[in-house]
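Undergrad: In case you want the letters, here they are:
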Amino acid sequence: MSPKTLYDKIWDAHVAHEADDGTCLLYIDRHLVHEVTSPQAFEGLRMAGRTVRAPEKTIAVPDHNVPTTLDRANAASMTEDSRIQVEALDKNAKEFGLHYYPVSDVRQGVVHIVGPEQGWTLPGMTVVCGDSHTATHGAFGSLAHGIGTSEVEHVLATQTLIQKKSKNMKVEITGKLAPGVTAKDITMAVIGKTGTAGGTGYVIEYCGEAIQSLSMEGRMTVCNMAIEGGARAGLIAPDQTTYDYCNGRPNAPKGADWDAALEYWKTLYTDEGAHFDKVLTIRGEDIAPLVTWGTSPEDVLPITDVVPDPSSFAGGKAGAVQRSIDYMGLKVGQKLSDIAIDTVFIGSCTNGRIEDLRAAAAVLKGKKIKDGMRAMVVPGSGLVRAQAEEEGIAQIFIDAGFEWRLAGCSMCLAMNPDQLAPGERCASTSNRNFEGRQGYQGRTHLMSPAMAAAAAITGKLTDIRELN
Amino acid sequence: MEKFTTLSGIAAPLPLVNIDTDMIIPKQFLKTIKRSGLGANLFDEMRFDRAGNEIADFVLNKPQYRDAQILVAGDNFGCGSSREHAPWAIADFGITCVISTSFADIFYNNCFKNGILPIALPQEQVDVLMKDAEKGSNARIEVDLEAQTITSSDGDVFSFEVDAFKKHCLLNGLDDIGLSLEKVASIDSFEAKAAAERPWV
Chain Y
397 MSPKTLYDKI
407 WDAHVAHEAD
417 DGTCLLYIDR
427 HLVHEVTSPQ
437 AFEGLRMAGR
447 TVRAPEKTIA
457 VPDHNVPTTL
467 DRANAASMTE
477 DSRIQVEALD
487 KNAKEFGLHY
497 YPVSDVRQGV
507 VHIVGPEQGW
517 TLPGMTVVCG
527 DSHTATHGAF
537 GSLAHGIGTS
547 EVEHVLATQT
557 LIQKKSKNMK
567 VEITGKLAPG
577 VTAKDITMAV
587 IGKTGTAGGT
597 GYVIEYCGEA
607 IQSLSMEGRM
617 TVCNMAIEGG
627 ARAGLIAPDQ
637 TTYDYCNGRP
647 NAPKGADWDA
657 ALEYWKTLYT
667 DEGAHFDKVL
677 TIRGEDIAPL
687 VTWGTSPEDV
697 LPITDVVPDP
707 SSFAGGKAGA
717 VQRSIDYMGL
727 KVGQKLSDIA
737 IDTVFIGSCT
747 NGRIEDLRAA
757 AAVLKGKKIK
767 DGMRAMVVPG
777 SGLVRAQAEE
787 EGIAQIFIDA
797 GFEWRLAGCS
807 MCLAMNPDQL
817 APGERCASTS
827 NRNFEGRQGY
837 QGRTHLMSPA
847 MAAAAAITGK
857 LTDIRELN
Chain R
4 MEKFTTLSGI
14 AAPLPLVNID
24 TDMIIPKQFL
34 KTIKRSGLGA
44 NLFDEMRFDR
54 AGNEIADFVL
64 NKPQYRDAQI
74 LVAGDNFGCG
84 SSREHAPWAI
94 ADFGITCVIS
104 TSFADIFYNN
114 CFKNGILPIA
124 LPQEQVDVLM
134 KDAEKGSNAR
144 IEVDLEAQTI
154 TSSDGDVFSF
164 EVDAFKKHCL
174 LNGLDDIGLS
184 LEKVASIDSF
194 EAKAAAERPW
204 V
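Just so you know, the sequences run in chain order Y and R.
Residues in the first sequence are numbered consecutively from 397, following the working numbering.
Residues in the second sequence are numbered consecutively from 4, following the working numbering.
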């Protein structure tokens, strides 16, 4: 048998039907559902007289719209259209018998944090959700990607997805990371190299010592942003770190099932000699703490660098770079570490897990945020929030001057009231710096939680390695 | 789903790279539980000022492009969020064909579920069509899905690639859930086999 990549193995294990032209029905093991991209899909089922084929494999949680303020149990905290969407999810989850974590449940949170936390996401699975950051779950060695609402309806009705196989791409991060460099910097460094379309048509497998050394939280951060590089999915082969994370989770297998699962999971790796269509290698030692300066996730530079000159870009990119610089209100040649910010957002499916909060709190301990700074922490789930409170991390944030919020997507996409005002500039641990992403005319700089915490203290983008 | 067979229409030029789905339809318009009506807010932040007035120099506000049925855009069109509201907004506006050098994966797939044909062409061909689009209502571009050709107003004919299954569904306006349910026996047997082999799933 010819050697296979990890992606090949997971793909082969899920083909329920293959047509002559290679179009497949790929069986879906876990379908995650949130309130924004699902109402039209459930409505479509009803109109066609169809039902949910596998409600036991379908998990619903509201996250995009929900307020993160402490008064959110009060319906008036939500705009009417948001409330209607959340209520529609509530109704659909109950009517179709899905696993459901409502706003009032301590386990509620960002769908991509809840899935792994509750043990729904396991190695070797196929996982989809009507959200592009479904790539997060690839950290477990599961094939996970975002889908549109029509595909959500297709999965609800058939538990399969019509797919053609993507190509294989290997991204190897060798060696060790330098101090101050995190999983976020790895994933941003990769996008900086490939560009936002470099992964289009591929499933990326991340490997190498620097990847293997990451915790599950860090691996989820890396895979989360695979989509920002255009890839259909990002994968990391499961290992002892993965098994330890899964063991004991509420929906992880137990007893003999656990033993059988573990035996299977140990076969989930890329065979020696398997073919990759594209390979990118980055030395871990060469990655610096990074920030974005523009309005595309590929606009990354080390914090020690300066705002680039549009004329230094080839192809048709110069115009886009000038547009980004204008939108961001920056000057060519300006030092990135001189850019003043007025808002800090720590949270999201990229960096809203306990390890992210610990990293930020380690920087903030005993310090205060700069006067006039608006800073908020939005834990990725109610359980992350509870754990942070138990560890004393919440108090560090509060003492430093951060707002300590309830779980949700919040200012990552600003569908709830957490938004930037026009011209406001945010150091953000989220995943997208698009125009208007965090609020109309808002300006976003992406970075790691430790870098965002440092920026909160100094009031400008800051090299974490320079902070005393 | 609406069929797509042939199209002869005005093309609007949007020569920006990385047009993301937040630009196509900003998040405040995702708070709907319907698919319809989103065309009014297509490219909202580029098309309207905060008071809701049209921004005169945005392409779709110019008189010659108000009835555009084709969009010619820069690389990596539709990147970002998986929101199908993006193709819903495009189709609702009346655009059923988008031409670029490349498309983001999820957006590309979403188009085919909504009667929109996304066409990826080499840079030099997109350049020709972009110039054509800049001529406004004086230039009509012809698209023929069956023949997989696109014809500029000057008569240049370019061939494009499209997946055979996607083409079949688009030409006939087929509901792919219905097609997949015809294979339910395969899904049943796969499910039974997987349940035996991987009972923990």
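Note that these hints are calculated values from the structure, not bench results.
The C-beta atom is built at its ideal place from N, Cα and C for all residues, glycine as well.
Do not take every clue at face value.
Distance windows between CB atoms, simulated [unchecked claim]:
1. R/Asp52 <-> Y/Asp734: 51 to 59 Å
2. R/Asn175 <-> Y/Ala469: 44 to 52 Å
3. Y/Glu476 <-> R/Lys6: 30 to 38 Å
4. Y/Gly669 <-> R/Arg53: 31 to 39 Å
5. R/Gly40 <-> Y/Val702: 29 to 37 Å
6. Y/Ala472 <-> R/Asp178: 39 to 47 Å
7. Y/Glu786 <-> R/Gly181: 31 to 39 Å
8. R/Pro125 <-> Y/Arg503: 43 to 51 Å
9. Y/Asp501 <-> R/Glu200: 29 to 37 Å
10. R/Gln126 <-> Y/Ala472: 32 to 40 Å
11. R/Asp178 <-> Y/Asp734: 21 to 29 Å
Some chain Y residues judged to face chain R by a derived CB distance under 7 Å, without partners named [to be verified]:
12. Met474
13. Asp477
14. Leu676
15. Glu786
Sample of chain Y residues with no beta-carbon within 12 Å of chain R, all distances over it, derived [to be verified]:
16. Asp667
17. Arg719
18. Phe830
19. Gln834
Undergrad: Each hint: holds or not?
TA: For each hint, the structure was consulted:
no., hint, in the structure
1, R/Asp52 <-> Y/Asp734: 51 to 59 Å, "violated, 31 Å"
2, R/Asn175 <-> Y/Ala469: 44 to 52 Å, "holds, 49 Å"
3, Y/Glu476 <-> R/Lys6: 30 to 38 Å, "holds, 37 Å"
4, Y/Gly669 <-> R/Arg53: 31 to 39 Å, "violated, 58 Å"
5, R/Gly40 <-> Y/Val702: 29 to 37 Å, "violated, 45 Å"
6, Y/Ala472 <-> R/Asp178: 39 to 47 Å, "holds, 41 Å"
7, Y/Glu786 <-> R/Gly181: 31 to 39 Å, "violated, 51 Å"
8, R/Pro125 <-> Y/Arg503: 43 to 51 Å, "holds, 50 Å"
9, Y/Asp501 <-> R/Glu200: 29 to 37 Å, "holds, 33 Å"
10, R/Gln126 <-> Y/Ala472: 32 to 40 Å, "violated, 53 Å"
11, R/Asp178 <-> Y/Asp734: 21 to 29 Å, "violated, 56 Å"
12, Met474, "violated, 10 Å"
13, Asp477, "holds, 4 Å"
14, Leu676, "violated, 18 Å"
15, Glu786, "violated, 30 Å"
16, Asp667, "holds, 20 Å"
17, Arg719, "violated, 7 Å"
18, Phe830, "violated, 5 Å"
19, Gln834, "violated, 10 Å"
Of the numbered hints given earlier, the model fails hints 1, 4, 5, 7, 10, 11, 12, 14, 15, 17, 18 and 19; all others are met.
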